[in-house]
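Keeping the supplied structure of chain L fixed, place chain G upon it in accordance with the hints.
Protein chains: 2
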Amino acid sequence: MRINIVAAAAAFALSTSYSLTAFSQAKPETLVEQRQAAMTLQAKYLFPLVPMAQGRVPFDAATVARNAAYLDVLIKMPWDGFVPSTEGVKNTRALPAIYKDEAKFKAAQERTQAEVSKLVVVSKSGNEANIKAQITQTVNACNSCHDSFRAKR
Amino acid sequence: MRINIVAAAAAFALSTSYSLTAFSQAKPETLVEQRQAAMTLQAKYLFPLVPMAQGRVPFDAATVARNAAYLDVLIKMPWDGFVPSTEGVKNTRALPAIYKDEAKFKAAQERTQAEVSKLVVVSKSGNEANIKAQITQTVNACNSCHDSFRAKR
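First to last, the sequence lines map onto chains L and G. For the first sequence, the positions run 844 to 996 when our numbering is used. For the second sequence, the positions run 844 to 996 when our numbering is used.
Where hints are given, some of them may not hold.
Repeated chains share a single entry, so a pair holds when one copy, or any two copies, can fit it.
Distance condition first, Cα-Cα at most 35 angstroms in a straight line; then the derived DSBU-like pairs of lysine-lysine [what the hints assert, rightly or not]:
1) K870 x K975
2) K967 x K870
3) K995 x K943
4) K995 x K961
5) K947 x K919
By construction, these hints were calculated from the structure, which means they are not laboratory data. Predicted model, so just to flag it, every value in this text is computed and none were measured.
Just chain L, same shape as in the assembly (with noise of 0.2 angstroms):
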């Protein structure tokens, strides 16, 4: 059954923070909750690998090999979402910083994304502590890019 795409658009439309003018800008509030939905993800597919590395989980490498192709993506989701519309949102940990060294930023960014994508091969490798050591190296990027652009809890 194929049904009216503009019906289909409009069902999307009112099921979530959209409006169809958001089609061509989103808002602030929707820019940080996509942002917050990509670390959210990146969360989830890279927690369960720190305590492998740290043995105190079951070495798995088939899901080291999965969640790191899945961050490969989720690496690439959050950074058009840090746009300065947004310093204004509420209930973002988003640091001035971010605006204010836009360079320093990227950096740690490309650092973060370089690590990931070291993980997915080295994660093919069959080298477990190379493995383990990768997980650690992707971790320390996230953390040192937090430390300076998220303000702490």
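Okay, now just chain G, sitting in the frame of chain L:
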């Protein structure tokens, strides 16, 4: 600089609703947050394609192909968050039908997954009419699942 991974994990744990025990079993509230995050990002990357399919904004094949590839990963992410332990969580529109008719819910997931996978293939074809039609089919699959398993606002 390589920091201690225990400290890194602790910093992560402090930074979200995760606790260390959550590595093995996520709280129902966390599962809901994660599945909603996946839906939020699906909307981020699907919605801009709708007005293209409608001819309301210029068709951009590169954006469709990129978003389709993102959606192909994102569509895998919500489903493990729909477990009976989340039925008591507030702020979710997930209907009890999800847990009463698991076979139908699973079929709806698979239909959506299949339409997104087709969109990935078609998006590289260069056939604008086919791409637009497949955007519509993908939206229809999303809406069909929502009709059965998500509360109306």
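To see whether the hints hold, each was checked on the structure:
1. K870 x K975: Classified as between: cross-chain Cα gap 26 angstroms, same-chain 40 angstroms, threshold 35 angstroms.
2. K967 x K870: Close across copies (30 angstroms), not inside one copy (40 angstroms); limit 35 angstroms.
3. K995 x K943: Classified as within; 18 angstroms inside a copy, 42 angstroms across copies.
4. K995 x K961: within (28 angstroms within a copy, 43 angstroms between copies)
5. K947 x K919: both (17 angstroms within a copy, 33 angstroms between copies)
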